[in-house]
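**Student:** The chain contents come next:
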Amino acid sequence: MADQDPGAAAGDAATEPPRRHGALVASSRGQTVLHAERAQLRTLVAALTAEGFDQLIDVTAVDYSVADQPRPLPAEVVPERFEVVVGLLSHGSRERVRIRVQVPESEPTVPSLFDVHPGCEALEREVFDMFGIVFEDHPDLSRILMPEDWIGHPLRKDYAVGRIPVQFKGAPSSR
Amino acid sequence: MGLITDVRDHGFEGLEHNFLTGKLEDFVKWSRARSCWPATFGLACCAIEMMATGAAHYDLSRYGMEVFRASPRQADLMIVAGRLSQKMAPVLRQIYDQMMEPKWVISMGVCASSGGMFNNYAIVQGVDQIVPVDVYAPGCPPGPETLMHAIFTLHDLIQSGELTQRREATGRGAGVLVEQRDGQAVPVIIGSR
Amino acid sequence: MTATNLNETADRVRRRDASPVLRMSETAAANLDGNPADPADDERMIMNMGPAHPSTHGVLRLILELQGETVLRCKPVVGYLHTGMEKTGEQLSFLQGPTNVTRMDYSSPLFNELVFSMAVETLLEIEVPERATWIRMMMCELNRMSSHLLFMATNGMDLGAVGMMIYGWREREEILRFFEKVTGLRMNHNYIRPGGVAADLPDNWQADLTELLDVLPERLDEYDILMSGQPIWRDRLQGVGVLNTAEALALGATGPILRSTGHQWDLRRDEPYLAYDQVDFDVIVGTYGDSYDRYAIRLNEIRESLRIVRQCIETMPKGDYRIQDKKVTPPPRARIDQSMEALIHHFKIFTEGFKVPEGEIYVAVESPRGELGCYLVSDGGAHPYRMHIRGPSFVNLQTVPYLLQGGVIADGVAAVSSVDPIMGEVDR
Numbered sequence: 001m002a003d004q005d006p007g008a009a010a011g012d013a014a015t016e017p018p019r020r021h022g023a024l025v026a027s028s029r030g031q032t033v034l035h036a037e038r039a040q041l042r043t044l045v046a047a048l049t050a051e052g053f054d055q056l057i058d059v060t061a062v063d064y065s066v067a068d069q070p071r072p073l074p075a076e077v078v079p080e081r082f083e084v085v086v087g088l089l090s091h092g093s094r095e096r097v098r099i100r101v102q103v104p105e106s107e108p109t110v111p112s113l114f115d116v117h118p119g120c121e122a123l124e125r126e127v128f129d130m131f132g133i134v135f136e137d138h139p140d141l142s143r144i145l146m147p148e149d150w151i152g153h154p155l156r157k158d159y160a161v162g163r164i165p166v167q168f169k170g171a172p173s174s175r
Numbered sequence: 001m002g003l004i005t006d007v008r009d010h011g012f013e014g015l016e017h018n019f020l021t022g023k024l025e026d027f028v029k030w031s032r033a034r035s036c037w038p039a040t041f042g043l044a045c046c047a048i049e050m051m052a053t054g055a056a057h058y059d060l061s062r063y064g065m066e067v068f069r070a071s072p073r074q075a076d077l078m079i080v081a082g083r084l085s086q087k088m089a090p091v092l093r094q095i096y097d098q099m100m101e102p103k104w105v106i107s108m109g110v111c112a113s114s115g116g117m118f119n120n121y122a123i124v125q126g127v128d129q130i131v132p133v134d135v136y137a138p139g140c141p142p143g144p145e146t147l148m149h150a151i152f153t154l155h156d157l158i159q160s161g162e163l164t165q166r167r168e169a170t171g172r173g174a175g176v177l178v179e180q181r182d183g184q185a186v187p188v189i190i191g192s193r
Numbered sequence: 001m002t003a004t005n006l007n008e009t010a011d012r013v014r015r016r017d018a019s020p021v022l023r024m025s026e027t028a029a030a031n032l033d034g035n036p037a038d039p040a041d042d043e044r045m046i047m048n049m050g051p052a053h054p055s056t057h058g059v060l061r062l063i064l065e066l067q068g069e070t071v072l073r074c075k076p077v078v079g080y081l082h083t084g085m086e087k088t089g090e091q092l093s094f095l096q097g098p099t100n101v102t103r104m105d106y107s108s109p110l111f112n113e114l115v116f117s118m119a120v121e122t123l124l125e126i127e128v129p130e131r132a133t134w135i136r137m138m139m140c141e142l143n144r145m146s147s148h149l150l151f152m153a154t155n156g157m158d159l160g161a162v163g164m165m166i167y168g169w170r171e172r173e174e175i176l177r178f179f180e181k182v183t184g185l186r187m188n189h190n191y192i193r194p195g196g197v198a199a200d201l202p203d204n205w206q207a208d209l210t211e212l213l214d215v216l217p218e219r220l221d222e223y224d225i226l227m228s229g230q231p232i233w234r235d236r237l238q239g240v241g242v243l244n245t246a247e248a249l250a251l252g253a254t255g256p257i258l259r260s261t262g263h264q265w266d267l268r269r270d271e272p273y274l275a276y277d278q279v280d281f282d283v284i285v286g287t288y289g290d291s292y293d294r295y296a297i298r299l300n301e302i303r304e305s306l307r308i309v310r311q312c313i314e315t316m317p318k319g320d321y322r323i324q325d326k327k328v329t330p331p332p333r334a335r336i337d338q339s340m341e342a343l344i345h346h347f348k349i350f351t352e353g354f355k356v357p358e359g360e361i362y363v364a365v366e367s368p369r370g371e372l373g374c375y376l377v378s379d380g381g382a383h384p385y386r387m388h389i390r391g392p393s394f395v396n397l398q399t400v401p402y403l404l405q406g407g408v409i410a411d412g413v414a415a416v417s418s419v420d421p422i423m424g425e426v427d428r
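First to last, the sequence lines map onto chains X, C and P. Numbered by UniProt numbering, the letters in the first sequence go through residues 1 to 175 in order. Numbered by UniProt numbering, the letters in the second sequence go through residues 1 to 193 in order. Numbered by UniProt numbering, the letters in the third sequence go through residues 1 to 428 in order.
Treat the hints as calculated values from the structure; they're not laboratory data. Quick caveat, the model's predicted, so the values are computed rather than measured. Hints are supplied without guarantee of correctness; some may be wrong.
[What the hints assert, rightly or not] No more than 20 Å apart at the CA atoms, straight line, and that leaves these computed lysine to aspartate or glutamate pairs for DMTMM-like: (1) K157(X) to D379(P); (2) K23(C) to D156(C); (3) K318(P) to D208(P); (4) K318(P) to E90(P); (5) K318(P) to D203(P); (6) K326(P) to E125(P); (7) K318(P) to D200(P); (8) K348(P) to D337(P); (9) K75(P) to D140(X); (10) K75(P) to E65(P); (11) K157(X) to E107(X); (12) K157(X) to E90(P); (13) K355(P) to D68(X); (14) K327(P) to D277(P); (15) K29(C) to E101(C); (16) K75(P) to E148(X); (17) K157(X) to E358(P); (18) K318(P) to D379(P); (19) K181(P) to E145(C); (20) K23(C) to E162(C); (21) K29(C) to D156(C); (22) K327(P) to E127(P); (23) K181(P) to D182(C).
[Claimed, not checked] Counterexamples of contact, computed for chain C against chain X with all Cβ distances above 12 Å: (24) F19; (25) F27; (26) K29; (27) Y58; (28) Q74; (29) K87; (30) M88; (31) M100; (32) C140; (33) D156; (34) E179; (35) Q184; (36) V186.
[Stated by the list, open to error] Per label pair, the in silico range of CB-to-CB distance: (37) S142(X) to N244(P): 24 to 34 Å; (38) A47(X) to S71(C): 51 to 61 Å; (39) M340(P) to I151(X): 24 to 34 Å; (40) S71(C) to I166(P): 14 to 24 Å.
All C-beta atoms, glycine included, are put in the ideal place defined by N, C-alpha and C.
Let's have the full structure, built from the sequences with the hints guiding it.
**Tutor:** What follows is the structure, given as structure tokens:
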């Protein structure tokens, strides 16, 4: 993952890491990965959209708090607990990029991409529901998969997997 | 038996008596078992197999059960087909409560019966925590044969009156576990009749 | 696509979400321009459809704001089948993973297994044997047929063509019989696994398939007679639930929904995986982006799949059905009785699983519903560190409010049905 994309790295790769619209370019098993700062995420996606990446495919997140090894990241990127991953697709050039944004535990907020790609609405709600990462300026940031009064964010690594009793107390259990 | 053969051969003229005597209770049980209308309560994968059971090849209408009622008010049998999530649990209970007495429940598939492979935060570990279950059908998903086997077992229990007695006495379902009948190498008998 | 288009779509989403239905304060909603939500207006009502409703395809719930019979706004509420599969996926080893993901989109289980297996293989940087690739492709195309037949059946039933329900299931049953012969199960096969497939094709599979392929085309022609040309069917579907390409792209829609707008995009052709670059098939596109186009696309995709399966029968290469890499593949069953090492090896693979080098990867395939993606993160262990499935139904469901807006409620059923959401995949 740490090895640089050979195409983008052509030139003075040893001195200056390649950047695209201000984001560090890396490669993971041959796929293009951009490491972006939180503040620049929206402008980066807008710039990529103008470049031809016309569809937002995926928004998800990873909680790296219990990873066995520190994940390989470019030296300039400060690892944080959460990472929001945004996938973009260009139908014209049949190309994909993946943007990885580090999100600290102390302030889990990311700017919403809703203005650029309305199709992120449900996906961002899912990430909010599962990880508790707040997407600023999202029109309706509420739980989508879990019941509205649910406590906790299930896909965080400190959330237990195991069986929990039924939270529904509307009627007496008959068995 | 002779009575039926005569009817087959000669129509109603073959009947020795054109009336039958019996206990009203038996007649009620018989009719309950023979017109058991299921509510549509498809949840997940098992719902697809439930639909397959109702469709052309397996043809549930042979047993007077093809009318899957959209309204729980018109249904006697709830087939909980699939995994039940925490979010869906109140809905399940509400639909069960809306069904008219007497009512029966089949828990179809391991997810409905015990949570199955999804022993996690999201899935209710067995619908018997929410509603009384009469028959558990195993399999992931149970094939149409297994579902039909479960339905026949339920019919038997209704007709023998055992189910009603048990429900009245304990407030619980019968909790009968049937065996899986689909995917067998040799032909199997479905139901005990 | 221009920026104005995007902004318009975003505006429409915002207006939809600014409804009292969607828990904005009613005064704030009333102040919105061109968006009257006067609570005193008793013509307006909010209706709840689902989650236990016969025509919402499972446990989808739609909150509809109606004026008379006209749908003003709609909000899909999902999560009633949330199974926590992404969490469970972190507990299962890479070899057990397909067991979990196959239960997501239960009408096309093989695609889920395929995308997960391909993600694992990319992380492992292994190549599956050619025969395994072709078996995968053939099984997936059969699965696409069975999934689209299921759509035909339910779409027909939703619109009152109850007979279609019976016809669709009749054909699907034929395909399921072949699946049972090959994989052992009618659904949830766990057949495609990292490194290849679980078992080779059974003896005489060509004959079984040829029989199937001979009977299907005429049955599809029956559908044409029964539905395609029929005036009632056309009236119910044409011009209902219209979406244009810009909206579809902005909302992230893929698969038949995107193609119905006239946009040619099929991952099988545009980002060929498996051996799709070696077979001949057409990408079916629509013109108007309405429900009828989506129906017609699926019907004709069954025909294209038939073509692909025919080519698979002809060119099925010989060789291994799974990779002969000791790290990933358990030893053959016969060797377990003879060799202690084989037994240990077998035991290790199924208890501990194999380790996958660290890294993260996104792999996508064209499922019957659109782009099915898998984002897989490994930290070097035997279990995925994070497994995320990008379900096409989940994203496509965002188009439902647009398809329904301004139409009558009876058309709503047609529009939702034409999106063909599978709730297991929406909620995962």
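**Student:** Starting from the hint list further up, note which numbers the structure goes against and sort them upward.
**Tutor:** Violated: hints 4, 14, 18, 29, 30, 39.
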